[in-house]
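Note that the protein sequences, when read in sequence, are chains E and F.
Start counting at 1 in the first sequence, then tack on 353, and there's your number in the working numbering.
Start counting at 1 in the second sequence, then tack on 257, and there's your number in the working numbering.
Don't read these hints as lab results, they were simulated from the structure.
A few of these clues could be false.
Unchecked claim - Part of the chain F face toward chain E, derived, beta carbon under 10 Å: (1) His-370; (2) Leu-421; (3) Arg-454.
As the list claims (entries may be wrong) - Far from chain E, some chain F residues (derived; all Cβ distances over 10 Å): (4) Leu-276; (5) Val-341; (6) Leu-366; (7) Ser-405; (8) Glu-707.
What the hints assert, rightly or not - Here are the simulated BS3-like pairs of lysine-lysine, each with C-alpha atoms no more than 25 Å apart in a straight line: (9) F:Lys-357 x E:Lys-485; (10) F:Lys-357 x E:Lys-482; (11) F:Lys-357 x E:Lys-367; (12) F:Lys-358 x E:Lys-482; (13) E:Lys-476 x F:Lys-357; (14) E:Lys-633 x E:Lys-623; (15) E:Lys-358 x F:Lys-545; (16) E:Lys-464 x E:Lys-519; (17) F:Lys-632 x E:Lys-367; (18) E:Lys-475 x F:Lys-358; (19) F:Lys-358 x E:Lys-476; (20) E:Lys-619 x E:Lys-633; (21) E:Lys-557 x E:Lys-358; (22) E:Lys-476 x F:Lys-633; (23) F:Lys-633 x E:Lys-367; (24) E:Lys-623 x E:Lys-597; (25) F:Lys-632 x E:Lys-475; (26) F:Lys-545 x F:Lys-358; (27) F:Lys-358 x E:Lys-367; (28) E:Lys-568 x E:Lys-633; (29) E:Lys-475 x E:Lys-519; (30) E:Lys-619 x E:Lys-597; (31) E:Lys-367 x F:Lys-559; (32) F:Lys-358 x F:Lys-280; (33) E:Lys-485 x E:Lys-519; (34) E:Lys-485 x F:Lys-633; (35) E:Lys-482 x E:Lys-464.
Values in this document were obtained by computation on a predicted structure and should not be read as measured data.
Where a beta carbon is used, it is the ideal one built from N, C-alpha and C, also for glycine.
Listed here are the chains, written in short residue letters.
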Amino acid sequence: MIEIKDCVMDYGDKRALDHVTITIPEGCSYGLLGSNAAGKSTLLKLLNGIYRPTSGSITIDGAPVYDSAQVKEKLFFVDDETIQFSDMTTEDMRRYFGRFWPSFDNALFDKLIATVGLPGDKKMHTFSKGMKRQAIVICGVSCRPAYLFIDEAFDGLDQTMRTIVKNILIDEMLDDRLTVVFSSHNLSEIDEFCDRVGLLHAGKVLFDRELDSVKSDLVKIRAAFDREITAEDLPELDVKHISKSGSLTEIIASGGAEKVRAAVEKLSPKLCDLMKLSLKEIFVYEMEGVGYDGSKLEE
Amino acid sequence: MTVQNSKNNRFMTYYLYRLGRLKYLMILLMLFMLLSFPLYSLFIEGYAAETLETDVEVYSNTFQVICSDLGWKIFAAGMLGALVIALIMGLDSFRYLHNKKYVNMDLSLPVTHRQRFFGDLLATVTAQFVPVLMAAVIGLSVCAHVRSIDYTGVYPSDTTPYYLQTCAQLENTIPATLVAGVLLIAMSLFVISFCGRTAIAVIMTVVTQIAVPIITTCLWTIGLSGAYGADEFSLMNSGFTSLISTTGYLFARGMSSSHQLLNNSPWGYIFIAVWSAALIAGAYFVQKHRRNERTGEPFVFKYARHGFTALFILAVASFFGMRLFAPEYAKYTFFYSLFGGGTGEKYDIPFAAICVVSALLIFIIMEVIGGGSLKKAPVSAARFLVTVGACLGLCAAFPVTGCFGFSTYIPSENVADSAYVSFHNHWDSPNQFIVPYEEAAALHRRIINEHPGSASLYRYGSVGVSIQYIGKNSVIASRSYELNDSYIKDLYDMYFRNNGMARRYEKPEYQGSHERDETGRWVTKTYELTRSFAFVYTTNKLPADEAAREKYMIKADIDPYVLYDTIMSDIENVTYEQMYLSAYQFPATIHLHVERGEDIRSPYNLWNMDYRIYPFFTNTIALLKENGLVLFPDNEPDYSAYEAYIVRACGNENEGHIENTPSLYSDLQVVTGDPSLGGNMRRLGENSAELKELMGYTAEMSYYGGNERYYIVLIDKKYGDLTRSVYRYPVIEAYTARAAEIFAAAPEAREELENLRDHGTIYSLEEMEVLEEQWREQN
Chain E
354 MIEIKDCVMD YGDKRALDHV TITIPEGCSY GLLGSNAAGK STLLKLLNGI YRPTSGSITI
414 DGAPVYDSAQ VKEKLFFVDD ETIQFSDMTT EDMRRYFGRF WPSFDNALFD KLIATVGLPG
474 DKKMHTFSKG MKRQAIVICG VSCRPAYLFI DEAFDGLDQT MRTIVKNILI DEMLDDRLTV
534 VFSSHNLSEI DEFCDRVGLL HAGKVLFDRE LDSVKSDLVK IRAAFDREIT AEDLPELDVK
594 HISKSGSLTE IIASGGAEKV RAAVEKLSPK LCDLMKLSLK EIFVYEMEGV GYDGSKLEE
Chain F
258 MTVQNSKNNR FMTYYLYRLG RLKYLMILLM LFMLLSFPLY SLFIEGYAAE TLETDVEVYS
318 NTFQVICSDL GWKIFAAGML GALVIALIMG LDSFRYLHNK KYVNMDLSLP VTHRQRFFGD
378 LLATVTAQFV PVLMAAVIGL SVCAHVRSID YTGVYPSDTT PYYLQTCAQL ENTIPATLVA
438 GVLLIAMSLF VISFCGRTAI AVIMTVVTQI AVPIITTCLW TIGLSGAYGA DEFSLMNSGF
498 TSLISTTGYL FARGMSSSHQ LLNNSPWGYI FIAVWSAALI AGAYFVQKHR RNERTGEPFV
558 FKYARHGFTA LFILAVASFF GMRLFAPEYA KYTFFYSLFG GGTGEKYDIP FAAICVVSAL
618 LIFIIMEVIG GGSLKKAPVS AARFLVTVGA CLGLCAAFPV TGCFGFSTYI PSENVADSAY
678 VSFHNHWDSP NQFIVPYEEA AALHRRIINE HPGSASLYRY GSVGVSIQYI GKNSVIASRS
738 YELNDSYIKD LYDMYFRNNG MARRYEKPEY QGSHERDETG RWVTKTYELT RSFAFVYTTN
798 KLPADEAARE KYMIKADIDP YVLYDTIMSD IENVTYEQMY LSAYQFPATI HLHVERGEDI
858 RSPYNLWNMD YRIYPFFTNT IALLKENGLV LFPDNEPDYS AYEAYIVRAC GNENEGHIEN
918 TPSLYSDLQV VTGDPSLGGN MRRLGENSAE LKELMGYTAE MSYYGGNERY YIVLIDKKYG
978 DLTRSVYRYP VIEAYTARAA EIFAAAPEAR EELENLRDHG TIYSLEEMEV LEEQWREQN
């Protein structure tokens, strides 16, 4: 389990993380969501013991991460930058990671390398961006860590490459009790992989919930009424949004599908349809109340 | 899920990984070291073989040329390349400190800070020293072979062949290289721990290596100027401060003959080891508390830039301060010649301008590269002025505070048990006496108390006192004081007058050196006399040839102990004025030929000693006269005798000459006497008894023996007794002027005299006879 308690991280005068508290259970697939400069990469580096928090604590399985070799052996960080491996071939990377992670699985590494068809004797700087990303993800997965941290896993990849990398990760997530923390500003990636999502904005955690509960809680209903309906007509609901388009009124409220539907039907609509919300819509409406512009997130 | 590694495994894994990364640099370093040691050693061997004409085809004249010139250049290039590679190795090992792209990769590895730090350090040390040691082994093997070459018969026995000297120098570079490498690693590591960019790390490392020895040298020089009596070289070259940087160490090592801590005690190397360990420990803790997210910024700590700026400005300020506060000392540093140090002016405007501009440039550059803001001009200007002011204030603090108490430092009896004391005065060449600690300390305290204030730089040849305290293995402290004549007289009277003069006369059993006794005190080495016998003679005017010398020896058999005691009794009554005037007097020198030991064939058993006997040693003169050796005889004739040698005729190689007179005297050629005296001019042969007597009167003179006759010219003393004043130019000039007066009556002789004076020639016998005839005719 990952526990981040009241974590503050300053870069000089600039506060990158402001009293962040998050708990990530073991086996969870956690999506760290936020726009650029939200603090996602900073948090990942703290989780990997690369940086030391200004204050607060970060523990993994009860032990502090920073300056702990035993804890770090259970972690693997897939950085969005791969320039540090430019002069290495995949074989060099196998040897490099194999040295430091005793759980490194050579068979898995060979299998995955063969699957994606990466050459073993060419240096990384000759690879495309997607190939570099594949290589480092394969290394990470082959280390058999307990915790895998991926920073902007699919950023800059085309659809084909995304699919390949996704498949690699999904296979591992299914087979092992692997805890994965993704950082992304792409909602669809989070939607696809994550059980739980946390939203960072300006260093603060605005949102930290199970994705299913998020999805199930917020409901969109399209209904036709004889009259103008406002939020005051639905006092028992937490109405996020009401808008009228022609004869149809669109209501977005939290509380779960049944509760919202029941409340709307009390108003005797001529027509009442339950609609599926996209994750982006969920975030837009959820974060509107706290002043966060969810439209910044990509879908 | 994961298999855990043990601590040791992790450390070794990391260390081997780092070492593997350095393998190419190691190979490169090995190539440079091979150039430095083994290749150059091979050049030496080739040169040796060539010199000794050994039958080795591969060695040709080319090696000889290479050895003498190109060899040293290649050696120097190899060492320089090795230093550069060593720096690169350190930067590569600790790349996560200054290269942002490696921060995530290296710091996410499952190793602790301690494992990482020491793994990187050990890998750097291994990568640097293994090539050095391998090259050293190969080079030493070659040098050993060179030493085994038999050069007897080719070189004179008292000559060390060039290539052996070079071998010795090469062998000395090996420990120096290792020590310099340790200091380089330690200091570079400490500096780069504060830096966040590669370029900044390199610049700060290099400039710090330059700045630190400048600061230590200049500050200590300033300190010496304010530390009353400090020897100008005692701290600069022998102190710990010269050993805190690589460049300082190499400079001190280059002056190995004078660096006490490196040559005479292990403390220099112990200090280097402790200092290096302190720097490495400092680097460890700095890196431990460093914010890794600041890698990529020029400096990782908030005030690091200011610290480095202050350090570099201090280097400039201390250099300027040295000229300002210690101008007389400044010329004793090697920086003197670099910056127009010929004038000795205290305030040298161009130099001051250079220093101010340099400091300002440094400040601006550091502000720019460090991310400071010159836009806030008033703040920047204030910071600059405060920094410079603080640096100059530090420089001024040294002389003002007497080097923080150094000026009154007298080593305690626990560390110094004896001392060398030298009195430098007008009457004597400096003589060094070994005295007990208490005596030296009492003298020292008196000088400090009675002559407080700023020190005056002691100059060799001036009047003063030098005190060197001696500890177990080396000189602990050294002070010199320039004092006036009356003060030195008092000191000498109080402490060393009679003792000092007495110390110049060694006891007959003296063996010629000093040693430490079981208590560690310095005592004279003595030899047990088996026969008390002294063969005393004077060497006044003796030819070098042993056979000729024998004819003129005036020998006396005197118990050496009796002689010694008599001399001591004379010294008891010597006054200061007598000693002062003795500089202008000729003592007579008597030689003691002392036999001791069972085996008289051993050169150590026939010991020659010299005693100077001054005219005021009345008891001694009387003793010698009783035994047939007349010094300064009572019936001194009315004339003085000078030599007149025949330049053109001397050529008998069987009779050489003793030249112990100053050249000015040998230029004096006098060929005439006073015609009015009638017959005072004589010609004397070498067998003349009268000549022998005259030799007793004319000390420290020489003559030519030759197959031509020589002349002794007798000058009536009413013209001045020049015997003991021959060193004085004015007297000689007066004499030659007087000689001209004498010849006023004989113009042709006068012209000849002037020729003689100008051209340094002398008359032949026939010419002299003509002149003599002329003068007699006139009279």
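Hint check:
no.	hint	in the structure
1	His-370	holds (5 Å)
2	Leu-421	violated (48 Å)
3	Arg-454	violated (16 Å)
4	Leu-276	holds (12 Å)
5	Val-341	holds (22 Å)
6	Leu-366	violated (5 Å)
7	Ser-405	holds (48 Å)
8	Glu-707	holds (61 Å)
9	F:Lys-357 x E:Lys-485	holds (19 Å)
10	F:Lys-357 x E:Lys-482	holds (20 Å)
11	F:Lys-357 x E:Lys-367	holds (19 Å)
12	F:Lys-358 x E:Lys-482	holds (17 Å)
13	E:Lys-476 x F:Lys-357	holds (21 Å)
14	E:Lys-633 x E:Lys-623	violated (29 Å)
15	E:Lys-358 x F:Lys-545	holds (23 Å)
16	E:Lys-464 x E:Lys-519	holds (16 Å)
17	F:Lys-632 x E:Lys-367	holds (22 Å)
18	E:Lys-475 x F:Lys-358	holds (21 Å)
19	F:Lys-358 x E:Lys-476	holds (17 Å)
20	E:Lys-619 x E:Lys-633	violated (29 Å)
21	E:Lys-557 x E:Lys-358	holds (12 Å)
22	E:Lys-476 x F:Lys-633	violated (48 Å)
23	F:Lys-633 x E:Lys-367	holds (21 Å)
24	E:Lys-623 x E:Lys-597	holds (15 Å)
25	F:Lys-632 x E:Lys-475	violated (49 Å)
26	F:Lys-545 x F:Lys-358	holds (19 Å)
27	F:Lys-358 x E:Lys-367	holds (22 Å)
28	E:Lys-568 x E:Lys-633	holds (11 Å)
29	E:Lys-475 x E:Lys-519	holds (24 Å)
30	E:Lys-619 x E:Lys-597	holds (18 Å)
31	E:Lys-367 x F:Lys-559	holds (14 Å)
32	F:Lys-358 x F:Lys-280	holds (21 Å)
33	E:Lys-485 x E:Lys-519	holds (14 Å)
34	E:Lys-485 x F:Lys-633	violated (46 Å)
35	E:Lys-482 x E:Lys-464	holds (21 Å)
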